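Participant: Put chain B on the given structure of chain A with help from the hints.
Letter by letter, the chains look like this.
2 protein chains.
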Amino acid sequence: MNSKDRISLVHGFGGKETYELLDRIIFSKLPLNLKRVEGGVGLEVLDDGAVIKFGDKNVVITLDSYTIKPVIFPGGSIGTLAVSGTVNDLVVMGAQPIAFADSVVVEEGFDVGLLNKVVDDMLKLLMELRIPLIGGDFKVMPKGSLDGMVITSVGIGVARNPIIDINITPGDRIIVTDPIASHGAVILAAQLGMLDKLEGIRSDVKPLIGILPVIDKYSDYIHAARDPTRGGLAAILNEWARQTNVTIVIEREKIPIEDNVRDFLEAMGIDPLTMASEGVAVIAVADTYADDIAKDLRSRGFRASVVGYVEKPRNEFLRGKVVAITEIGGRVVVEARGYNLPRIC
Amino acid sequence: MNSKDRISLVHGFGGKETYELLDRIIFSKLPLNLKRVEGGVGLEVLDDGAVIKFGDKNVVITLDSYTIKPVIFPGGSIGTLAVSGTVNDLVVMGAQPIAFADSVVVEEGFDVGLLNKVVDDMLKLLMELRIPLIGGDFKVMPKGSLDGMVITSVGIGVARNPIIDINITPGDRIIVTDPIASHGAVILAAQLGMLDKLEGIRSDVKPLIGILPVIDKYSDYIHAARDPTRGGLAAILNEWARQTNVTIVIEREKIPIEDNVRDFLEAMGIDPLTMASEGVAVIAVADTYADDIAKDLRSRGFRASVVGYVEKPRNEFLRGKVVAITEIGGRVVVEARGYNLPRIC
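Protein chains in written order, with UniProt numbering: chain A, 1 to 345; chain B, 1 to 345.
One or more of the hints may lead you astray.
Here are the simulated lysine-lysine pairs, DSSO-like style, with alpha carbons at most 30 Å apart [claimed, not checked]:
1. Lys57(A) / Lys53(B)
2. Lys53(A) / Lys217(B)
3. Lys124(B) / Lys16(A)
4. Lys16(B) / Lys143(A)
5. Lys217(A) / Lys57(B)
6. Lys35(A) / Lys53(B)
7. Lys16(A) / Lys117(A)
8. Lys29(B) / Lys16(B)
9. Lys53(B) / Lys124(A)
10. Lys124(A) / Lys16(B)
11. Lys16(B) / Lys35(A)
12. Lys53(A) / Lys35(B)
No wet-lab data here; the hints were simulated from the structure.
Since this is a predicted model, take the numbers as computed values, not measurements.
Just chain A, with the same shape it has in the complex (with noise of 0.2 Å):
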């Protein structure tokens, strides 16, 4: 290793550069019966959460860092973010939440107001869920070495049959459940001040509780579930794609996005498939129920539409890759890198 070498934001941009690092320095030193308690999930599937059986139960366990600036935003905060981002994890796990918990590091001088209003958005939506809050941490850092907060999340959750994203197979099609990216693009505009071009917009982060029992009613036929936070869905479907030596395909068109969204990432020649979303679910499900699943989840109110699907590379550069069927007809390889932002989530 270069002692020269540097951290760099692409490092946490949870890409092919994150990647690279962790195994370098973590998961190439660990062997396999270290990464995963036997019989279960762990450091060897990068997926949203592990898995540890007891008994005849799959416990989910996932663990995340909230660093977003700001602290309050459109539509939420780090605190509906914490919650939202931790229980979208198991759910896209298949896992049912039971237990919560979470370690807040803020800086001496830290308004206790914002920090209790950030509690206060913890608190409101682990009660509508009824999940309890279990245990934790608080630190503070002397004042100049740390900006705003990092909140820490602990998510422990059931599945009957966790959805361990290894199953993609030719003719599965992908759904997404929402409009993407209207997260990513309040974040930018926030940090750029460019609120006003963002009207009537908020982010999209919510806890995706609602497709559980979709989820769990399809669960013989759903190969692969995700939420696309750092990296968006082009960062999922890449991966998705890289991991089976398949090609996706998506069709731009069908892709659900607001139209303020639309334009505004258009306007900062962004590409909406690189923006995160935190409340929003890709799914990859066998063809036949394809469908079904899409019109189940629209009945419960969600936007949701099968927007690609699933095929054997038709050539070895396609092998592994994400190609985009554009308006006009196209077909574009669509890459894992694009605009990333610190501090979005």
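Facilitator: This is chain B only, laid out in the frame that chain A set:
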């Protein structure tokens, strides 16, 4: 809530002020059924971890953030600390650690070699203890927004008979497993550039896995166990005394402490009882087995000592108080409050 209230360092010291803040903004707002999973233990008891029952298994979960500065110190690093602190929280709950996850937040520009060293310290301990690393998160904050790094660890364990610290009764005796305060003294000296005053002393940071067989063997007679980190022995003993309305009496001359640590802290005017240890447990045990337990611990290489006992308050003033018998036989009340160091853990 006064909007001009600001977080101060004292809110982060784990004592009365931390409790009062968290009680005001969190604990008091949650009904009991949202503080724990039914049948388990959660926020209603402020212990080192929470308990969830899965079938006949008592699963213990603990979550802590580490912000220590410096990141590397004599005896370990923030990586050693994150694993040790988390393992110790499980051990003092009577739980065998079975899985670990960690979330790392660093600043842009952080030295990759240093990150690698910290991660290696973490992995080395996990491998020694054969605890799988099952998941985590990695975030990068822009330059200037975080001094150093924050690691948040979650530990999962299984306890045959979880030790919940509510059974302390008059007659119990107090055991300390090893010399106290070395961690606090080393970090204080490092922060002040005075490490030359502590020749030969290293932080006591270590996983307390070696005490588990003793805890297991005597579990029916162990009424409480904690690791005295932030706030030291004084904080834990005061918490126990207050919660159970007893008086805890400590004989100062029986408390194990390295000579150099005692001399250094004395010169600084700091009571070692208020200094953090990161590889020491304090245990309240039934009188009958106290000497056997201490002996068993010593046979396993610990420098354990019976340092005090629990008594019925002799008067109203002494209810919920900790009293030290000094080297010259006097009785003095020991407050939870003492010298506090930011970023000690």
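Participant: Give a verdict on every hint.
Facilitator: Evaluated hints:
1. For the hint pairing Lys57(A) with Lys53(B), the CA-to-CA distance comes to about 11 Å; that is within 30 Å, so the pair holds.
2. Proximity of Lys53(A) to Lys217(B) is assessed by CA-CA distance (about 26 Å); at most 30 Å being required, the pair is judged to hold.
3. Restraint check for Lys124(B) and Lys16(A): satisfied, since their Cα atoms lie roughly 26 Å apart, inside the 30 Å limit.
4. The hinted pair formed by Lys16(B) and Lys143(A) meets the criterion: a straight-line CA distance of about 21 Å does not exceed 30 Å.
5. For the hint pairing Lys217(A) with Lys57(B), the CA-to-CA distance comes to about 28 Å; that is within 30 Å, so the pair holds.
6. The straight-line distance between the Cα atoms of Lys35(A) and Lys53(B) is roughly 24 Å, inside the 30 Å bound, and the hint therefore holds.
7. Restraint check: the Cα-Cα separation between Lys16(A) and Lys117(A) comes to about 36 Å, which exceeds 30 Å; the hinted pair is violated.
8. Simply put, Lys29(B) and Lys16(B) have alpha-carbon atoms about 18 Å apart, close enough for the 30 Å limit, and the pair holds.
9. As the CA atoms of Lys53(B) and Lys124(A) are separated by approximately 25 Å, the hinted pair is consistent with the 30 Å bound.
10. Simply put, Lys124(A) and Lys16(B) have alpha-carbon atoms about 26 Å apart, close enough for the 30 Å limit, and the pair holds.
11. Distance restraint check for Lys16(B) and Lys35(A): the Cα-Cα separation of roughly 39 Å exceeds the 30 Å cut-off, and the hinted pair is therefore not satisfied.
12. In summary, the hint linking Lys53(A) to Lys35(B) is supported, as the alpha carbons are separated by about 24 Å, within the 30 Å threshold.
Checked against the numbered hints given earlier, this structure breaks hints 7, 11; the rest are met.
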